[in-house]
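Protein chains: 2
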Amino acid sequence: MRKLFLAMIAGLLLQTAGAQTTDSAWIKKISDEILTNGKAYENLRHLTKKIGARLAGSSGMVKAEQWGVDLMKRSGADQAWLQECMVPHWIRGGTDFAQASYSVPASKTKNMIPQKKGLDIVALGNSVGSGPKGINASVVLVNSFEELEAKKDQVKGKIVFYNYKFNDTYISTFNAYRDAGQYRGAGPSRAAKYGAIGVIVRSMSHAVDNNPHTGATRYDSAYAKIPAVAIGLRDADWLSEQIQKSGVTVTLKTNGTFLPDTIGHNVIGELKGSEFPDQIITVGGHLDSWDNCEGAHDDGAGCVQTIEILRTLKALGYTPKRTIRFVLFANEENGLRGGAKYAEEAAAKGEKHILAIESDAGGFTPRALGFTGSDEQYAKFLSWKPLIAPYGCTELVKGGGGADIGPLNRTLKTPMASLNPDTQRYFDIHHARSDVFEAVNKRELELGAVNMAALIYLVDKYGL
Amino acid sequence: MRKLFLAMIAGLLLQTAGAQTTDSAWIKKISDEILTNGKAYENLRHLTKKIGARLAGSSGMVKAEQWGVDLMKRSGADQAWLQECMVPHWIRGGTDFAQASYSVPASKTKNMIPQKKGLDIVALGNSVGSGPKGINASVVLVNSFEELEAKKDQVKGKIVFYNYKFNDTYISTFNAYRDAGQYRGAGPSRAAKYGAIGVIVRSMSHAVDNNPHTGATRYDSAYAKIPAVAIGLRDADWLSEQIQKSGVTVTLKTNGTFLPDTIGHNVIGELKGSEFPDQIITVGGHLDSWDNCEGAHDDGAGCVQTIEILRTLKALGYTPKRTIRFVLFANEENGLRGGAKYAEEAAAKGEKHILAIESDAGGFTPRALGFTGSDEQYAKFLSWKPLIAPYGCTELVKGGGGADIGPLNRTLKTPMASLNPDTQRYFDIHHARSDVFEAVNKRELELGAVNMAALIYLVDKYGL
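Protein sequences, first through last, are from chains A and B.
If you use the working numbering, the first sequence closes out at 466, no skipped numbers anywhere.
If you use the working numbering, the second sequence closes out at 466, no skipped numbers anywhere.
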């Protein structure tokens, strides 16, 4: 025991003396390994191109889980397993369809000539179908909830079109998303409250293209569940203008429905700690994606970065002091059941989680790490800035976490962190068919893994 | 005079009291205008898609100059003009061609079967043509100048292939560019010194595609000028392997030549200063591009950002105290004649330039502003960080400038600054056919203009 104590003292002294050098050297080794021999990009290619969409309950989900657990093993996990959880099983159920009927003035007479135009739409996640005949109704344009309230007597039997614009003036695009997101989440029920039979929402995006962006809606059980779709931005602009010119009637067919809950899994890989195996550091992203895209940035990126950190630590022969868990969470998009299950089991087993970090903001160039914890923990986190900043996360900021690790923070008070990549391109592709492998840059993806690995290395070495 | 003095004192007091608020409010107005009503993106579309490539001396150059001066006027310049300078006139002269001849073992016998493979190459800028028959010679692989020296007795009459790799471990890709760039610049003459008759250089890039990247080479007049091309990365990997397997002979045809110097122009727009019209702030990018691409990031982005700042200040009714010059420089890529001319005329006229800032690192998301000046000036620059950082340039760093404003700094000791966008994607497309409009993100482009405009606003208001 005395020998151990002396060894510890000696260790601490050495640590103080050479810590900065050793740490920066280790982080450089990690970075070089990822940037030179990285597998994240090719793994992402496989996930997106060979498996593709993987919404909870889908066959893509099953394939992705198997891919994930196999890859965790091949990447050097001491053990890797599937943690079962029940997941919702929403299906789109068919092809979404929307056609606008309107009229234009004839050139020589005062007659109006009827016209039709297909609209590029996508049914919102969790939304109900229109029934096989679809719905057909004139469209009431509202640019905000305030306008809905003002027009509440006009929407009965109609389709409400929320044309609330993504606010371009926010520098972080997540602020614009939070601002506009309420129309997708609460819009359908708020319109149904006044008797609307369908809803169209302007996509939550500032893209220059016309791809519609899906995402979960939430029905308020007090009102009728009505079909709800998102519309591409160019079509939204057109629809808004045309409603004001001639009025527009839209035929909408959607087929969304919930099948019974089914079995899904978190995919977990682990490197066992050599000194403090009971102290667990979790790093992860979510494995599910919407069904209309490859889910490359959301959140294939977070998954392959997670596995890349595992592969790299193993490739470098790094022996963690603490246990590091690499988790691909199930069902972030429309249920959060994976994150809930992970926290539930951690609590039930009395596990000690010292940090959870998530990458779920796209595989873009890293700019910051966010952190949620006590002031002392935050101070320690901040002290590592000189070691991490050279790799891209030049800012260590207060506030950070992720949808999937939130339950762990709430249940066990686990400090949580997030990789905050640049936000400018994210909502161009978020939940849209353009969220594909080709939109991901290899080095940006890899650097995200580098910065998270650096933080994990430091927390593993020094605790929090 | 006394009245003026009192007014100045009053002005200073007001400035101290409300400065931060006023400044942050002004910068927010600038940002909102650019992000909401910005024209940079559509201007870039016109420049890249309607005009396209615009190497010095080309018809594209002439069209771009006219576009630039017209747009300066339409964007609100008090005056806009063309500043004449002689520019070099290198032309590619035809289609670059390269074909490899090699052999593979027959499956059943020991015979070797001859094979041919086209290589994706592009002649280096300023390079000489091969003559109509081309050159045909076996290829000597060297991975560095050290290897060239070791093999110097083997290269006579041969083609030297510099397969020096872009170093992936640098976080800033410009470091990798500086490191590898010497092979493009000095490689041909160093090979010619030992009798080589042609040179192939691995493209200065870490792209995942096979597009070759051109750029200027510099012949040493002591040695023969020999044809020189860059090769795409996948073909470079193949060529390197195949040389080691069977040896490779390459037929190379290039047609580069210099025509007599011709007339080009810097495009200059100006907002006259209301208080200190003799103090000049210059902001610019370069209008020329290589002939094999649209020059969207290099440097169409810098040009449209420059004009966007002019448009925005005018749209907001901002009255500058100092004179602001908006400059699209001529001939950055293979001569720097525009930058030299601008400095020369400034010196000849005894102009007082207080700051020059350039955007020539791509239209990517802004991360930093770089600055070169005295310590006092740098301290003043640094003090503005809280005002600028919210818009993306979270770091104000020492060292900054640009190729086109370098002469002004050298001649008149003008402090200089640079917009430093994220570097990860730049060398994917730099000088390659993939440097097109579609590779530019609208908001990233606009935010670059916002951050430069913020600095210009502050220097205009407070001097340097």
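Derived by calculation from the structure, the hints in this document are not laboratory data.
Worth double-checking, as some hints may not be accurate.
For identical chains, the list gives no copy identity; a pair is met inside one copy or between any two copies.
[To be verified] Here are the computed lysine-lysine pairs in the DSBU-like style, where the Cα-Cα straight-line distance is at most 30 Å:
#, residue 1, residue 2
1, LYS415, LYS112
2, LYS382, LYS400
3, LYS119, LYS51
4, LYS167, LYS31
5, LYS247, LYS41
6, LYS135, LYS30
7, LYS247, LYS31
8, LYS274, LYS65
9, LYS65, LYS119
10, LYS167, LYS316
11, LYS31, LYS382
12, LYS52, LYS135
13, LYS247, LYS463
14, LYS51, LYS195
15, LYS415, LYS323
16, LYS167, LYS41
17, LYS351, LYS158
18, LYS323, LYS30
19, LYS30, LYS167
20, LYS400, LYS387
21, LYS167, LYS51
22, LYS110, LYS52
23, LYS119, LYS75
24, LYS41, LYS154
25, LYS118, LYS382
A quick look at each hint next to the structure:
For the identical chains of this complex, LYS415 and LYS112 are neighbours neither inside a copy (69 Å) nor across copies (70 Å), given an alpha-carbon limit of 30 Å. In this assembly of identical chains, the alpha carbons of LYS382 and LYS400 lie at most 30 Å apart whether taken from the same copy (12 Å) or from different copies (28 Å). In this assembly of identical chains, LYS119 and LYS51 lie within 30 Å of each other by CA distance solely across copies; the values are 29 Å between and 32 Å within a copy. For the homomeric pair LYS167 and LYS31, the shortest alpha-carbon distance between copies (19 Å) is at most 30 Å, but the shortest distance inside one copy (45 Å) is not.
When the C-alpha separation of LYS247 and LYS41 is checked against a cutoff of 30 Å, the pair qualifies only between copies, where the shortest distance is 27 Å, while the shortest distance within a copy is 54 Å. For a Cα distance limit of 30 Å, the shortest separation of LYS135 from LYS30 qualifies neither inside one copy, at 61 Å, nor across copies, at 50 Å. With identical chains, the CA atoms of LYS247 and LYS31 are never at most 30 Å apart, being 63 Å at best within one copy and 33 Å at best between copies. Only within a single protomer do LYS274 and LYS65 lie at most 30 Å apart by alpha-carbon distance; the minimum there is 27 Å, versus 65 Å between protomers.
Taking the shortest alpha-carbon separations for LYS65 and LYS119, neither the intra-copy value of 38 Å nor the inter-copy value of 39 Å comes in at or below 30 Å. For the identical chains of this complex, LYS167 and LYS316 are inter-copy neighbours only, at 26 Å across copies versus 47 Å inside a copy, given an alpha-carbon limit of 30 Å. Taking the closest pair of Cα atoms, LYS31 and LYS382 come within 30 Å of each other only inside a single copy of the chain (23 Å); across copies the shortest separation is 37 Å, beyond that limit. When the C-alpha separation of LYS52 and LYS135 is checked against a cutoff of 30 Å, the pair qualifies neither within a copy, at 35 Å, nor between copies, at 47 Å.
Taking the shortest Cα distances, LYS247 and LYS463 never come within 30 Å of each other, neither inside one copy (66 Å) nor across copies (47 Å). For the identical chains of this complex, LYS51 and LYS195 are neighbours neither inside a copy (42 Å) nor across copies (49 Å), given an alpha-carbon limit of 30 Å. For a Cα distance limit of 30 Å, the shortest separation of LYS415 from LYS323 inside one copy, 22 Å, qualifies, whereas the shortest one across copies, 55 Å, does not. With identical chains, the CA atoms of LYS167 and LYS41 are at most 30 Å apart between copies only, with a shortest distance of 19 Å across copies and 39 Å within one.
Taking identical chains as interchangeable, the C-alpha atoms of LYS351 and LYS158 are never at most 30 Å apart, the minima being 52 Å within one chain and 73 Å between chains. Taking the shortest alpha-carbon separations for LYS323 and LYS30, only the intra-copy value of 19 Å comes in at or below 30 Å, while the best inter-copy value is 48 Å. Taking CA atoms no more than 30 Å apart as the test, LYS30 paired with LYS167 passes between copies only; the shortest distance there is 19 Å, against 43 Å inside one copy. Taking CA atoms no more than 30 Å apart as the test, LYS400 paired with LYS387 passes in both settings, with 13 Å inside one copy and 19 Å between copies.
Taking the shortest alpha-carbon separations for LYS167 and LYS51, only the inter-copy value of 29 Å comes in at or below 30 Å, while the best intra-copy value is 32 Å. Taking CA atoms no more than 30 Å apart as the test, LYS110 paired with LYS52 passes in neither setting, with 56 Å inside one copy and 36 Å between copies. In this homomeric assembly, LYS119 and LYS75 never come within 30 Å of each other (Cα to Cα): the closest approach is 51 Å inside a single copy and 40 Å across copies. For the identical chains of this complex, LYS41 and LYS154 are neighbours neither inside a copy (54 Å) nor across copies (38 Å), given an alpha-carbon limit of 30 Å.
For a Cα distance limit of 30 Å, the shortest separation of LYS118 from LYS382 qualifies neither inside one copy, at 62 Å, nor across copies, at 61 Å.
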